[in-house]
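K.L.:
Here's the letter readout for the chains.
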Amino acid sequence: DARVTQTPRHKVTEMGQEVTMRCQPILGHNTVFWYRQTMMQGLELLAYFRNRAPLDDSGMPKDRFSAEMPDATLATLKIQPSEPRDSAVYFCASGKPGLGSYEQYFGPGTRLTVT
Amino acid sequence: LAKTTQPISMDSYEGQEVNITCSHNNIATNDYITWYQQFPSQGPRFIIQGYKTKVTNEVASLFIPADRKSSTLSLPRVSLSDTAVYYCLVGGGPRTGGGNKLTFGTGTQLKVEL
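Residue numbers (our numbering), protein chains in the order written: chain A, 1 to 115; chain B, 1 to 114.
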């Protein structure tokens with residue numbers, strides 16, 4: 001049963017530190033999404049890639065967030081420097097194009113706490 | 001950018017049919033509607049997707065009226081294990097161009113009791 005994996009599952013860090021989250025998409029899926037979930041804002045799309053190229057990162061604060069896909073088996077989301085307001089659960093999803101929109105498969109998430 | 005709203009919560013009993021509605025007044029021509037289920041401490045899980053009229057799969061049905069400004073997820077004969085948060089997602093796909101934003105609804109907490 002193919003799954004999206006994310007590491008780490010939990011991360012506690014101090015304000016100002018760099019945070020890197022990693023995602024391994026399902027083999028054969030050509031689209032990768034990064035989401036952030038908080039109680040206040042719900043699920044927000046940060047960025048997504050197709051065939052490793054960024055398609056849309058308009059949901060991401062550009063001054064501190066960056067997303068890359070160095071190869072087809074790894075996507076990364078980096079925050080530098082981190083701030084307490086970045087505390088959230090970050091989900092990666094990989095998708096295969098359907099007849100319409102994407103059918104997305106979500107990973108278990110990385111719970112980030114910035115103190 | 002489609003703004004999507006859902007009821008915050010719904011209660012039901014085992015064996016009943018549950019209908020959850022999502023409002024998306026600003027839906028674009030190329031947008032599709034997708035529903036996801038989320039359990040605590042897990043990522044959302046795909047349920048069903050549609051563009052217009054009615055779509056049915058083995059777990060749910062999706063009803064979309066002609067104006068497409070809303071959609072209804074129908075869960076037949078719910079059980080305790082269907083207690084979860086349900087989200088609608090509005091947005092395009094690879095065949096409709098990369099410019100369509102993907103917007104999740106506010107989520108509906110469904111609680112199923114005996």
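No wet-lab data here; the hints were simulated from the structure.
Don't take each hint at face value.
What the hints assert, rightly or not - Derived lysine-lysine pairs resembling DSBU-like cross-links, with alpha carbons at most 30 Å apart: (1) B:Lys54 <-> B:Lys101; (2) B:Lys101 <-> B:Lys3; (3) A:Lys62 <-> B:Lys3; (4) B:Lys52 <-> A:Lys62; (5) A:Lys11 <-> B:Lys101.
Claimed, not checked - Beta-carbon label-pair distances, calculated as ranges: (6) B:Asn25 <-> A:Met39: 21 to 29 Å; (7) A:Ala72 <-> B:Phe39: 26 to 34 Å; (8) A:Glu44 <-> B:Thr72: 22 to 30 Å; (9) A:Pro81 <-> B:Asn19: 39 to 47 Å; (10) A:Asn30 <-> B:Asn26: 25 to 33 Å; (11) B:Asn57 <-> A:Ala72: 23 to 31 Å; (12) A:Pro70 <-> B:Phe39: 26 to 34 Å; (13) B:Lys69 <-> A:Thr115: 40 to 48 Å; (14) A:Lys62 <-> B:Asn26: 35 to 43 Å; (15) A:Leu55 <-> B:Lys52: 19 to 27 Å; (16) A:Glu14 <-> B:Lys69: 43 to 51 Å.
Ideal placement from N, C-alpha and C gives every residue a C-beta, glycine not left out.
K.L.:
Look at each hint and say if it fits the structure.
P.N.:
Results for each hint:
| no. | hint | in the structure |
| --- | --- | --- |
| 1 | B:Lys54 <-> B:Lys101 | holds, 23 Å |
| 2 | B:Lys101 <-> B:Lys3 | holds, 10 Å |
| 3 | A:Lys62 <-> B:Lys3 | holds, 23 Å |
| 4 | B:Lys52 <-> A:Lys62 | violated, 36 Å |
| 5 | A:Lys11 <-> B:Lys101 | holds, 29 Å |
| 6 | B:Asn25 <-> A:Met39: 21 to 29 Å | holds, 25 Å |
| 7 | A:Ala72 <-> B:Phe39: 26 to 34 Å | holds, 29 Å |
| 8 | A:Glu44 <-> B:Thr72: 22 to 30 Å | holds, 24 Å |
| 9 | A:Pro81 <-> B:Asn19: 39 to 47 Å | holds, 46 Å |
| 10 | A:Asn30 <-> B:Asn26: 25 to 33 Å | holds, 28 Å |
| 11 | B:Asn57 <-> A:Ala72: 23 to 31 Å | holds, 29 Å |
| 12 | A:Pro70 <-> B:Phe39: 26 to 34 Å | holds, 31 Å |
| 13 | B:Lys69 <-> A:Thr115: 40 to 48 Å | holds, 43 Å |
| 14 | A:Lys62 <-> B:Asn26: 35 to 43 Å | violated, 25 Å |
| 15 | A:Leu55 <-> B:Lys52: 19 to 27 Å | holds, 25 Å |
| 16 | A:Glu14 <-> B:Lys69: 43 to 51 Å | holds, 46 Å |
The structure is inconsistent with the numbered hints 4 and 14, although it conforms to all the rest.
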